[in-house]
Amino acid sequence: MKATGFISLWTLVSLPCGLLANPAEREDVVKHAIKLHRGKGAVITQRKQWVLESCRKLSGLLRQKNVVLNKLKNAIRAVEKDAGLSDEEKLFQVHTFEIFQKELNESENSVFQAIHGLQRALQGDYKDVVNMKESSRQRLEALREAAIKEEMEYVELLAAEKHQVEALKNMQHQNKSLSMLDEILEDVRKAADRLEEEIEEHAFDDNKSVRGVNFEAVLRVEEDEANSKRNASKREVEDDLGLSMLIDSQNNQYILTKPRDSTIPRADHHFIKDIVTIGMLSLPCGWLCTTIGLPTMFGYIICGVLLGPSGLNSIKSIVQVETLGEFGVFFTLFLVGLEFSPERLRKVWKISLQGPCYMTVLMIAFGLLWGHLLQIRPTQSVFISTCLSLSSTPLVSRFLAGSVRGDKEGDIDYSSVLLGMLVMQDVQLGLFIAVMPTLIQAGVSTYSSIFKEILRILILIGQILFSLAAVFLLCLVVKTYLIGPYYRKLHTESKGNKEILILGITAFTFFMLTITELLDVSMELGCFLAGALISSQGHMVTEEIMCCIEPIRDFLAIIFFASIGLHVFPTFVIYELTVLLFLTLSVVIMKFVLAVLVLSLILPKTSQYIKWIVSAGLAQVSEFSFVLGSRARRAGIISREVYLLILSVTTLSLLLAPALWRAAIMKCVPRPERRSST
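Residue numbering for the sequence shown is -21 to -1, 1 to 657, as defined by mature numbering (1 follows the signal peptide of the UniProt record, and there is no 0).
Simulated from the structure, these hints should not be mistaken for laboratory data.
Mixed in with the good hints, there may be bad ones.
As the list claims (entries may be wrong) - Computed beta-carbon distance windows for the label pairs:
hint : residue 1 : residue 2 : range
1    : W328      : L353      : 55 to 61 Å
2    : L198      : A125      : 15 to 21 Å
3    : S293      : I568      : 35 to 41 Å
4    : E113      : C34       : 28 to 34 Å
5    : N88       : E113      : 19 to 25 Å
6    : V109      : N231      : 54 to 60 Å
7    : A170      : L262      : 46 to 52 Å
8    : L576      : G615      : 32 to 38 Å
9    : L48       : A125      : 28 to 34 Å
Don't be surprised by glycine CBs; every beta carbon is placed ideally from N, CA and C.
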């Protein structure tokens, strides 16, 4: 035991000494260490002598470091007392000395950190993977912190070098007379320096000590160019502008969001290329679907598949494309609300509220039953059931676009019921997102805390109901007092200039979106309510606004459906085609049957015939299951395999939706309406 401890002590002391020796001495140290490790060629007295010499060298270096530090302190005092130097020059020289002091201290710390790491490794068990992993993590953290410190020191040295160059220029200017132009440029330079100092945000220094911030090692990758010589100047410019891509150890890719120097305009050319490519390829894909009788939205989804990870993989800014596509959802729901007046909403509000709630409860019940039979965790069963209970509002709004939806003989219009139920499902989406943290905790909770989790869910439901009441109260106030004068003012100011009208309507939509977001309700509901409030001003107003907003909606909807295609993986569908078709047909049939059952109970007898059309519109899975599924996968609620199954079932159900919708229209809608509905 003593011999082992002695060898460990010798190793700990000799490691830094060997590192600090010259190459010849280092080779002797290595040979001597091997002999000691094998117990050959060295007696105890030689070992003790070698250890003493090594310690003497290390202590000598440390004493030399202390002498240098004292000299630096004396030099700093001398600079501070020197009356011939300006305050700015004093600060510069003192800062330079302090950088050297920091370098010496960091070098000493790194030596003893290496000793401590070796000691920890020698004390550990090489068979214990957990202990080795923890040691590796600690070394990784130490390396990250050391890299950050070195980066900061390098930046300080660059600043010192810049200051030195500027000082030399000032001395040269003082030794010669300046022209009027030189004086003007010098004043402009000083003003520009002050501007950069004022607008620069020290985001790195401000956030590195914030709780939850981790240091990460990343790769900085420049764009591949076919001709490196021809594009050398372009690459240098991009490097200076910070337009390169960063990749972390988890293969996540990052781009610049806010530059250090805000005075230079920048553009993300990857994002521009992605949007241009999607726009060009969407035309032939949409044209092909129109030719074969499919909705154009499937052409846009095919466009996303071809350009996405499962195709050519040419889309670099996937997150940015998806973010822009969200605006397509916002404007789609705004136009849906524009065609869905408050009077019609008031007529079907009970059905719109009851129907989705009953369907969701039944879906969760069936999900728990099947989960129990298949031995799936209840948390996972509840989540999958809620994902599959949602239906696609943008898809159904496309089905209903331009259809004749007037009421007949007091009957309820099927489009009003369908849109009302879909809007209520969008509200449920916000509730699901709010409840998801509780589901995450429930997955790891013990049975003793189940009552607390149930109580927490009930509190969340109460908060959502309170938020909904606040939103509808706000809508009542806006409809009564604000929306009329607001639109008349916009209409007056926009004569001969549609920009004011478009901007005013968009601002009002975003205002309602922000209100619902602040109240923890779905943003999509705010867009829908904005359209419904404006539609209360009359048919002429609706037609005028629709003509202005529809082109914007159409373009953004193309981006949205293409972003859905980025998450469709045809190879996975082909590999598991039989299983996926069975699951998709099971989900579609189950949703259709449940919708028919629920509507049979809540619809008036005179309107029972519309239950088939409404059920057909609800018998698919919403594209928002992609959003819920991705969050659940990151949180560990569902596995990767379940996530891919949800994506594939959602995609196939959306592909089956047009056929089911046409069959329902052919069966239930009279011939004059059928032509416009399809």
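Hints, one by one, checked against the model:
no. : hint                    : result
1   : W328 - L353: 55 to 61 Å : violated, 38 Å
2   : L198 - A125: 15 to 21 Å : holds, 18 Å
3   : S293 - I568: 35 to 41 Å : holds, 38 Å
4   : E113 - C34: 28 to 34 Å  : holds, 30 Å
5   : N88 - E113: 19 to 25 Å  : holds, 21 Å
6   : V109 - N231: 54 to 60 Å : violated, 26 Å
7   : A170 - L262: 46 to 52 Å : holds, 50 Å
8   : L576 - G615: 32 to 38 Å : holds, 34 Å
9   : L48 - A125: 28 to 34 Å  : violated, 21 Å
When each numbered hint is compared with the structure, violations occur for hints 1, 6, 9.
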